[in-house]
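There are 2 protein chains.
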Amino acid sequence: MKLDKLVGNRFRERPSDCVVDSHVYMIRGGYMKQVANGIFSSYTPLKRVTRKIEGILRQEMDAIDGQEVLFPVAMPAALWQESGRYDSIGKELLRFSDRNGTPMVLGMTHEEAAVQLVREYGQSYLKYPFMIYQIQTKFRDEARPRAGLIRVREFTMKDAYSFHSDQEDLQDYYNRCHRAYERIYARVGLPQVISVASDSGMMGGAVSHEFMLLTPVGEDSIALCAECDYRANLEAAACLTHHRRDPVSQPLTKVYTPDIHTIEDVCAFLHSSPEDSCKAVVYQRSADDSYVLLFLRGDLEVNETKLTNYLGCDVHPAVITGESSLHPGYIGPVGLPENITVLYDRSLEGRNNLSCGANEALYHYTGLDMARDVPNAQYHDYAKIQEGGVCPRCGKAAITISRGIEVGNIFQLGTKYTKAMGMTYLDKEGESRYPVMGCYGIGVGRLAAAICEAHHDENGPIWPLAVAPWQVHLCAVRADDPQVREYADRLYRQLESDGVEVIYDDRQVSAGVMFSDADLLGVPFRAIVSPRNLKQNQVEILSRDKTFRTAVPLDAAAQMLAGLVRQP
Amino acid sequence: MKLDKLVGNRFRERPSDCVVDSHVYMIRGGYMKQVANGIFSSYTPLKRVTRKIEGILRQEMDAIDGQEVLFPVAMPAALWQESGRYDSIGKELLRFSDRNGTPMVLGMTHEEAAVQLVREYGQSYLKYPFMIYQIQTKFRDEARPRAGLIRVREFTMKDAYSFHSDQEDLQDYYNRCHRAYERIYARVGLPQVISVASDSGMMGGAVSHEFMLLTPVGEDSIALCAECDYRANLEAAACLTHHRRDPVSQPLTKVYTPDIHTIEDVCAFLHSSPEDSCKAVVYQRSADDSYVLLFLRGDLEVNETKLTNYLGCDVHPAVITGESSLHPGYIGPVGLPENITVLYDRSLEGRNNLSCGANEALYHYTGLDMARDVPNAQYHDYAKIQEGGVCPRCGKAAITISRGIEVGNIFQLGTKYTKAMGMTYLDKEGESRYPVMGCYGIGVGRLAAAICEAHHDENGPIWPLAVAPWQVHLCAVRADDPQVREYADRLYRQLESDGVEVIYDDRQVSAGVMFSDADLLGVPFRAIVSPRNLKQNQVEILSRDKTFRTAVPLDAAAQMLAGLVRQP
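Just so you know, the protein sequences line up as chains A and B, in that order. All residue numbers for the first sequence refer to this note's numbering, where the first residue is 1 and numbers rise by one. All residue numbers for the second sequence refer to this note's numbering, where the first residue is 569 and numbers rise by one.
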């Protein structure tokens, strides 16, 4: 098509509200426009990119025996009540009522709808395994949409649901889908995407992986081991500490510690280190504001995902009132008020000679011996793994923390949904059993943004050929020159009839404007027809990333371009 | 793919809640499943049909210079307040609030979103005309969803919006889009679809057409002239009557009419005919219950669309209370209480010697002369055109009324939205002007249902090749026979490698089950491999509609089938 007719404005100025490059270029390049916070309309260039991504997703899902279906965007709340998620999910699930007052939700994921669709079909073991998927609009009422298409409220997602007669079959299919995902990322130009172990969160199930594009602008933190292949989302990474117990336990001794406010103050005053202190962090359960007290080694931080998974409910940092008998800044494990949930991180297990609060204003203890002084403590992992921390797989202190964009996830859901929703099948022996499920998601818009994050220069996106909005950007510099016009028009028609996707710029604008627009559209190959080139009977052909540049005779240009866009 | 693995159940029983054939077959054939009233999930066969329809829509929209975009499903109410439709549309617009309490709507159409997307782009006359379209999920909270995919609440729609610098350009493009729609219907197998003049309803604008598939199960009524090419939705068809004024006007005479309840009673009692009576119909405005009194010729009915368009507000049939001073059954135009809106249908204009109510219990008038007795009456068209009525175009009494399914609509919107939302452009002379808009919709699921209504037999759908879920249905009868298995497997692989879309039934079920499943899937061509055929070294090939049936040598089957599915 002609660029002249392409709806959408392109401009030079960096929009002030854009913090990541993909957002900048998608606004500056006329790819999309905000309609509301976290809700965008797409112009044609972005629509063409996402359609190509969707085509690749469809091919790879079909290749692993997926069957494309379509679930509704608006669903009755009753369906989500069956699974229990209507109550367990927070405000990101958008709830509303229809004209008859029936409670409804906007689909943010479709496990319930998938079970509803196949509940009658999957009644015999002979039907298994099977996988259904859709590419559909979803809505997740995010509290803080950000970074353009990276975190939005409304988005298009490919979500797939597989059903199996047993865990072993699920594991096989899960691995197969993992490989399909690797092919997808390679095909869209992101072979560097890695999978990391993840927390299953509201989806339920035991095993799950996220696919991450490592980039400083990502909003996830990932723990990577420099010594082995361990990699996990920070939320899910186990935190190990090398325990060290002093040979001799000192007695528990109360110390007057005035003007002490932080763990660093305590350590400085007592001439000890944070590793040798027992820190208290106080939360409240969101439902009833009851206190949850967590002790962990002074240099560690709480991993709130682990904490809420353990508790099975949401919590928030506590606001401590006078009635609580807690003394903020002086809380320790000895002499606590009763009726408070108290948890101990495993970084404290077996430790002695620690400092801690004395549960009395202005006083701390030294010489805390966990085994001696808190004999009934039960230890779990509630701490965040840290840069330089111990790898849970190889045990070496070689963990590094990187940022990443999650561009896909896969979950082994087990029987969470089939059990809750009463979906059963008869096995070979005629026994009634619950099918096990897996689910597999990729957000289309976020993937487009991630591709742009990985492939751009200071002038705009550099779309990989497989997802580029067009394949060739044809520039007629000085289209008012009859020879330029005549040749460029002919080349345009030739390319179109060869099935090449061409965007043709025959506007009478300066070469500078023309090329900066071309950079913003990020089309992989560019052909430049100009009076200067024509004098030499040549067309200039270059790649968007400027690594390839050549001049070819006029009558060879169409063939060369057709060859370039057909390269594997 | 193998039918054995196709998710979804097929069965023989006619579901009791299905009133139209397309609904019956889409449930019986495993095409879809209801999730809530008017909300369905699609299985793979339907998804494949709708994807093919979407492909055709995309091609034809691109061919008339459309640019595919994507608007949000969930939009801020503020956008709909700009156009005024947030208040003017009833409960079919689903309103809700997001987590921050911001009022939102679910998109049922996207005029506002279209204007929002191009408001900055379209600031110069040089940008015009342009057209943008999307294929996207929509939600319309229908009071009475019915007939499967014919009237649903959630649906996929192709909606297009064109922008023009003047009405003449819109008219040209409107005609071009009309022709594109004709091509679309022809390509999906419905060349018999006709366009009819329609009421613009909540969309606004002056000129609009609906595309109708005539069928007794349709929910729209269409007036067609047997003598000329006039055709219009009943809602929009002008009602003309041949006026007849008696040479001599009788005096207005009050008559005692006991036990009179209907217009027929009155006429029998007075020895007159309904054509010679003046009937009263009473409505109330929905907003404040104020009365609206409409008089029309006794044999005609009220066209409520015309009435509400004239009033500019919703009305409902009146509940007449004692305080109103109205005498139900005896209401007439002479001696009415004041403060009531009174309207006169043009069927009464110039008439005399009519009977009518006397606004007094048990009394009627005869000898009503509209000009003499109701001198200030203003006449408009509020009546329904009738079977045998007068054609508004050729004037002959040749109107027939047919039922139809609306499978598309096109509207000339004028400046309704651009004016309300402040979208302007500078014309050649530098004057600021409002662009004029057109909009063009086709519901994908309803079109699939309409195709099924037009193409089926008593055993299931007969999908036209262009939209069929698969092209060839391969049946291996007695797949336990090694020769059948070996040949059928080979033919399957051959067809797949030739790019033919095959559904392969190699289940060990009876030929009866196999063929009735094939009838329900409605695939245009069927190949039957069986021991009996193989003995003759033949494969049986037939069309789903049974008009074509042949036997071909084994080694010619693949080629013949590939040829059949490639026929133009």
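One thing to keep in mind: the hints can contain errors.
[Claimed, not checked] Only part of the chain A face toward chain B is listed, based on derived beta-carbon distances under 8 Å:
#1 Ser42
#2 Val69
#3 Tyr125
#4 Arg179
Keep in mind that the hints were calculated from the coordinates and are not lab data. Please read these numbers as outputs of a predicted model, since none were measured by experiment. Cβ atoms here follow ideal geometry from the backbone N, Cα and C, with glycine treated the same way.
These are the hints, each one checked on the structure:
| no. | hint | result |
| --- | --- | --- |
| 1 | Ser42 | 4 Å, holds |
| 2 | Val69 | 6 Å, holds |
| 3 | Tyr125 | 14 Å, violated |
| 4 | Arg179 | 20 Å, violated |
Violated hints for the displayed structure, listed by number in ascending order: 3 and 4.
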